[in-house]
Structure formats: structure tokens, C-alpha cells
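**Student:** One-letter residues, chain by chain:
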Amino acid sequence: MRLILTLFLLIASPLRAEVDITPVESAGGLEAWLVEERSIPFVAIDLIFEGGATLDPDDSLGATALMAALLNEGAADMDAQGFAIRAEELAARFSFDAGRDTVTVSAQFLTETAPEAIALLNTALTQPRFDVDAVERVRAQMVASLRRDALDPNTIASRAFAEAAYPGHPYARPSEGTPESVAALTRDALLRAHEGAIARDRVHIGVAGDVDAETLGPLLDTLFEGVPDTGAPLPPRAEFAAEPGVTRVPFEGPQSVVAFGHAGIARDDPDFLTAFVVNEIVGGGRFGTRLMRELREKRGLTYGVGSFLASGFLGESYQGRLSASNADVGQVVDLIRAEWDKLASDGVTAEELDRIKTYLTGAYPLRFDGNGAIAGIMASMQFQEFGIDYVNTRNGLIDAVTLDQANAVAQRLYQPDALRFVIVGQPEGLN
Amino acid sequence: MFLRPLLLASLGAIVAALPALANTVSHSTLDNGMEVVVIEDNRAPVVVHMVWYRVGAADEPARKSGIAHFLEHLMFKGTDDLAPGEFSAVVEANGGRDNAFTSWDYTGYFQRVAADRLGLMMQMEADRMTDLALTEDQWRPERDVILNERGQVVESQVGRQFNEAMLAALYKSHPYGTPIIGWRHEMETLNGDDAKAFYRQHYAPNNAILVVAGDVSADDALELARTHYGAIPANPDMVERARAMEPPHLAERRVTMEDARVGTPYVSRMYLAPTRHDTEDAAALQMLAALLGGSPTTSVLERKLNFEQGVALSAWANYRGMARDYGMFSLGIAPVEGISLEEGEAALDAAIVEFVQDGVDTEQFERVRQQIRASEIYALDNVQGRARQYGVGLSIGLDVDEIETWIDALDAVTPEQVIDAASLLLDRNSSVTGYLTRPTEEAMN
Chain A
1 MRLILTLFLL IASPLRAEVD ITPVESAGGL EAWLVEERSI PFVAIDLIFE GGATLDPDDS
61 LGATALMAAL LNEGAADMDA QGFAIRAEEL AARFSFDAGR DTVTVSAQFL TETAPEAIAL
121 LNTALTQPRF DVDAVERVRA QMVASLRRDA LDPNTIASRA FAEAAYPGHP YARPSEGTPE
181 SVAALTRDAL LRAHEGAIAR DRVHIGVAGD VDAETLGPLL DTLFEGVPDT GAPLPPRAEF
241 AAEPGVTRVP FEGPQSVVAF GHAGIARDDP DFLTAFVVNE IVGGGRFGTR LMRELREKRG
301 LTYGVGSFLA SGFLGESYQG RLSASNADVG QVVDLIRAEW DKLASDGVTA EELDRIKTYL
361 TGAYPLRFDG NGAIAGIMAS MQFQEFGIDY VNTRNGLIDA VTLDQANAVA QRLYQPDALR
421 FVIVGQPEGL N
Chain B
1001 MFLRPLLLAS LGAIVAALPA LANTVSHSTL DNGMEVVVIE DNRAPVVVHM VWYRVGAADE
1061 PARKSGIAHF LEHLMFKGTD DLAPGEFSAV VEANGGRDNA FTSWDYTGYF QRVAADRLGL
1121 MMQMEADRMT DLALTEDQWR PERDVILNER GQVVESQVGR QFNEAMLAAL YKSHPYGTPI
1181 IGWRHEMETL NGDDAKAFYR QHYAPNNAIL VVAGDVSADD ALELARTHYG AIPANPDMVE
1241 RARAMEPPHL AERRVTMEDA RVGTPYVSRM YLAPTRHDTE DAAALQMLAA LLGGSPTTSV
1301 LERKLNFEQG VALSAWANYR GMARDYGMFS LGIAPVEGIS LEEGEAALDA AIVEFVQDGV
1361 DTEQFERVRQ QIRASEIYAL DNVQGRARQY GVGLSIGLDV DEIETWIDAL DAVTPEQVID
1421 AASLLLDRNS SVTGYLTRPT EEAMN
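Going line by line, the protein sequences match chains A and B.
Using my numbering, you'd call the opening residue of the first sequence number 1 and step up by one each time.
Using my numbering, you'd call the opening residue of the second sequence number 1001 and step up by one each time.
Read the hints as simulated data drawn from the structure, not as lab findings.
Heads up, none of these hints are tricks.
Calculated pairs, BS3-like style, for lysine-lysine (alpha carbon to alpha carbon, straight line, at most 27 Å):
| id | chain 1 | residue 1 | chain 2 | residue 2 |
| --- | --- | --- | --- | --- |
| 1 | A | Lys342 | A | Lys298 |
| 2 | A | Lys298 | B | Lys1196 |
| 3 | B | Lys1064 | A | Lys298 |
| 4 | B | Lys1172 | B | Lys1064 |
| 5 | B | Lys1196 | B | Lys1064 |
Partial list, computed: chain A residues near chain B (C-beta under 8 Å):
| id | residue |
| --- | --- |
| 6 | Phe42 |
| 7 | Ala80 |
| 8 | Ile85 |
| 9 | Ala91 |
| 10 | Arg355 |
| 11 | Leu366 |
Note that beta-carbon positions come from the ideal geometry of N, C-alpha and C, so glycine has one too.
Please construct the entire structure, taking both the sequences and the accompanying hints into account.
**Tutor:** This is the structure in C-alpha cells:
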């Protein structure tokens, strides 16, 4: 079969992300971004609370994570069973998660039972019971999970990298604590973590689905009834401080995990978007990136390699990650250094930049994939301090990036002499 | 609690009102035998385009384990018209994402892209259905890639290795006992000729299913399918797949794996079970799994073993019926510290016996039914998930009606049928029980 190759020159005129965002302010002063979608009778709400595990005191590591895991383990007059049964009766779905920078709450519920579901979620946010039996049960699960993590080379690599990167800052600590710290957490520590994390002054609200602004306002006021105005103060910024070099962590297995990186670029830095575009060319987690081409496609050295701007709420780094056979690690490290050298001196090409722009602008609308995803994006955009019109201006900003700008930023971003490698495994061939 | 009956009634009404949205699926067959399913969802100007081949790891020749998955990788290496990597590059240049997957029963390729690019995706996918070009420069490094993939996702993860050992013990004869990615020593010998032979034998329109989901009308999608896929002749030599089937299982199997990388020891049990082809049995087993293990809080096993007896960190039950030849029911328990795997297994078995004796808790049963009905509504939000459901179903040999009436089949299950189905779990002859544990202190020294 002959293909008409000219067809391939057909370039995507960027799809508009057809997302119509309504800012909603409730009578009680809560702000939310709403995307109405009336065709399926359910609503998705995402809450992002700034702070997360960085709020844990040094003597209570893991308190925020254990607290969040207990929010659906009993509230108000319901024990863990009672709360779960009530959620099942309503066919409502709640999830609570604590990360390094945030506590997130995701809820999906049917239009029909929205008031009941919101009232139930309110009890989880404001009246969690932290019953002794629930605390011990979930604590045991968390300790078991931390013991598994301690034997997982990827987690070991992440932790070792964070320790090297942010000495003395909460970013250097494991977000879920350690088996020992979690075993020692008191009920008071959980209550304090709850008070510190769940507050109005740090929440971002995204909503998508079968609800209009008039109905949403009162629902949000019900959801936040009893949530305190202010939470715990946030820690200071984290400065990237890892020295160049190689850290080896011995670990038995056929492969090594290689984590690497250096200082990054903050989200509010004027160069951030350009750096994002350049990184997509280099290691954006797809086929066809420079790193994938050099390490996987040409040489078969790894199943997958990616790089990412780890721009957190309090600090930023630029990192990459892959797994490779122990015997190949020396070669892998050399190739990464060589690629960094090339990027720092030559930057990217006009063709690469054009291709990535077409991809990024074309793929953007694909993210808005259903109510659940859209609610999450709405909350996350506010957390990241984007304006409400960003959805419509973002593709234009990407198209406007010039080759000179991209390469100026590449020169700033790629620092071959600053690279710190953390290698977990039994690597061979390292210089 | 007065709300419950009211809710059930109103949910029923919601589900009854759904067809306007849910009934937008059409099904047809091209002249060359290629099946076409179109799922319309106009919420966003996007489509998912998938081609599923009715061939997978369970159809591999002897000593060639991993060839189905290797071929899946090589399908991105170019055709007579497309350079290696160009397929994905064109998808990306059009703002899309693409990938592929291999299972025992099927191999699938998909792209998510703006709806007006559907024709281009079909043109390229049709091209690589017949015109794959492979040179040694391309397949050699890719063989290292799949070996690295095995190293990363299996050999570096003790739970996955344990799972391989369990499946190899469960199936005495059927290829479901061979890992999809292949055994390393056989993968190391695979080559381009093996891949080409497998490709020629199995990739053809009369062994393929096209699923398009998103912002396109059934008529337009079908017209495009006729243009791009309709021109490919059927392969007249396509044969119905025939696999080695299981002899009678007269003895239970037990597997013990010790590894220093084990963080949480656990017991896992897998039973051979009916597939979705036996709709009633499968529906009863699905309800059984939901009751035993469908919730981390209220399911029977969690309630008994974790909440009441305090012997489990967690306990689970799962049923997988979407397979061509054998389904599987699995159970497991991760005991708390101080409880041995033997004690954990005994508690798990006792909990099942008790469940069968006591019968189904009517309130829990109603809540599970409630959630299943609601899950139909939530599922409409995920167009790619819906597309996958049809792709898997058709490629294991279900018809569209069997796929679409599954919720009704679940709804028709009675508590008595669930208890009958649970008798499967009381006969361990068709099962394997595995212990995954750390080496004893002595062995570690």
C-alpha cells in the first residue's frame, strides 16, 4: 500500500481546549473554578490544600500522611465501618492523599445525592475521629508500606537524591515518614496535623460536572462549614544544594536505578515555560525524545528514560531517571553527560522546537479528559497560580517561544558540571 | 438510613434514563472481516483510535515466548513508507499520543488525537497492518530494550516474580502459565524472522477489531474505515487459534518464594475459574469478589480478618473473567506482624467457610448492587475505558450484546447464586497457593 506522504505535512492547527471555566464565589467567600458538563449525572470536586508533609514537625514525620489516610476511617457519629457504609449507600467516591507539598481530596458523587455526599465529606474534613482501633490498623498498613518502600530501588533513589539536594529542609525528609517515626506518632500529633493542614486559607477548589454556579456555592459552604480559616505556617523556601558527583547505594538486583539532576527553574520564573518546552524535547517521557533516542532506540540500554522539571511549591530541581543493567551503567552515565554537554553548548534545533510546539499545542486539549481529570486540572491550575484564562492563552505562549529564547534557557538549564548522580544497584564501568 | 430505599429507586431511574447517552455504540463488519465498533462521545473534539488483534502471548510457538510482545515493539520500527519512529513522530506532530499493549489474548495499538486526524491515524495503522519493514539494525537494539523491560518490571520487583511463579504452577499445560513478556532465556534468542513470521500469520483485517471512541459519528468513522482498512485483503489462511488446554486438576499446588527484598510477606491463592463466556457463573463470581474483597473497609474479608480478628494488614479477593480460555479467582492475605503465613492462610480459609455457612448479608448485597449501577454512570466519563471494554470483550470472543448486558447479568445475580459460586473456593484442586516471604534469619547469615 502506498501512503501519500504529503499528508504528513498536514500540521495540526492547535485545537482550542474547549473548556469554559466559570469562577464561582460562594456566599461564605470560597472561590472555585467550575466547568459545567451536564451530560452525565455526576459531579467531581478536587480540593488541594497547600502544605502537605512539609508541615510535619521534625519529631512527627509522617503525621500528615497518616492523618490524611484516616480521614475516611470514621467521622462524627460514624466509625470506620459506618462512614464507609454511608459512602456506599450514596455511591459516592472519596479519596484523600497527602504528598510532599499538598493534601488533596477528590470526590465524585451523583447529582441526585449531591447534598448528602457533601454533608458526609464535610464530616470527614471537620470531624475525623481518629479512633484508637482505626489509628492502629492504618498505622500498621502504613508501616508495612514503608518497609516495602525501604526495599524498593526507585524509592531509595528518590530519597537519597532529596537528602543530597535539600539538606536541613523538610524537602529532604520522606513525606510518609519512616517505619520508626510512624510507629511513634501520637493521637495528638494527628490532631495537630489535621488542624495545620485542612484550612480555608490554603485551599484550591476545582469542580466539573453536572452542577451550575448557583447550586455549587451553597454546596461549597456546606462542605467547608467548620473548616478553620487558617492553618499552620508554611516552611521557608528550599535551596538546591547537592554537590556534583556520584552517590552509590548498594542494592542487589540485575539492574541499577539511576537518578540524576541539578538545580532547576521555579514555576514563577519567566524562563519556566521555555524550560518546560526544552525539557519536552530532551526527556519528556515519550518516544522520540533525545534521551530515549540515544539510550533506548539506538542502543537498547533501557526500557525508558525521562527528565522532568521538579518545580515544587517551595523549591525546584531538574531531574532524570532510568533503570539499566548493572553492566551498562558506566556507559549510561557517560551518554547522559555527553547529552548535557551538547545541550549546554549547542541547544536544540529549529526543527526540534517546531515539532515539539506542534505536539504540545495539539496535545493540550487531550488533557481535559472527563470530569474527574478536569476538576483536578482546575484545582491544580489555581495551586500553580495560573490565571483563569491560561487555558486559552497557554498554546499561544508556547508558539511564541523562539529558538534564541529556547537556547538561552537551555544554556541556563543544562549544567553538565553540576550533575549529581544517585545510583542504586551494583553499577559497573563508572569512572 | 431511611434514605436507602429512596436512593435505590432514584438510581434505578437514573440508569433507566441513561440510554440517551450510553446507547451511542454501533457495531459492524467490513467486507474483509474487520470488525468495527464506534462509540460516540461528543463532549470534547477528541478521538481514541484502537486496533486490536486477536492474538497474544498465549498464541506463541514453542520456545518463542515473548514474540507477541517483541513484535508489538517492532511495529513502531517502520514500514515500506514510514521510517523507524516516524509513526509516533507523526502522531505527535499532530498533537496526539500513541502506545500499544500486549496480553495473553490480544495485542492492541492506540492513539488519542484531535477528532479531525482520525483518517490519518487509520491510514498509518492500516499501512503497518501489512507493510512492516524490519532490518537487523532495528530489531537488535529493540531486543535489548525488551530484556531491559523484563529486568525493570519483573526481575527488579519481587512481587511480579512471585506472580510469574504462581501462574506457572496454576497452569499445567495452557500458555497462560507463560509470562507475556517471555522467559529471559527464550527472549534472548528471538529475532526479526520470528517476529515477521508471527506478524504474517496473525496480523490481517480478518483477525482485527477497530474501536473508535469520541467525537465522530458512526457513519463518518465507518466511511473512513472502509477507505483505509477496507482495501486490505483478508488473509485466507487465518486459522482459529488452538491452544493447549488444561488436563483435569487433581492436586492442589503450593509455591514458596523467599527473597530478601520482600517488605510485607503475604499469602496468595489463585483458582481456575469460568470466563465471561459463561455469563451467569461469571456474574455470580464477580458479585462474590465484590462482596468478599470489593472494599478496603466493608468487604467480608477485610471485616472479618482485619477489623474483627485483627490478623490481617489487608485481605483481598478478585475475579478476572475477561479471558478467552480460563478465568481466575484470586484471594490473599497479608498478615499483621506476629501472625505467620500458615495462620493467615488458615484464617482466610475459615473466613470463606464462614461466609458460605452464614450466607450473604442482605444489606451489603444491596449496597454492592447500588454501586455497580452507579459505576455505569461514572464509567461514561472515561471514553478510553469504554473503548477498552469493547476491545477486550470482542478480542476474547464475546459479542457486543454480551458486553453490553453485563450490568444486567450482575443485577440478576441472587444471594443464593453467590453462595453456590463460592463453592469454587472450597475445592483447592484447581488452585495454587503461594507464600512470599523473607528468608529465615538463619538463611540470611
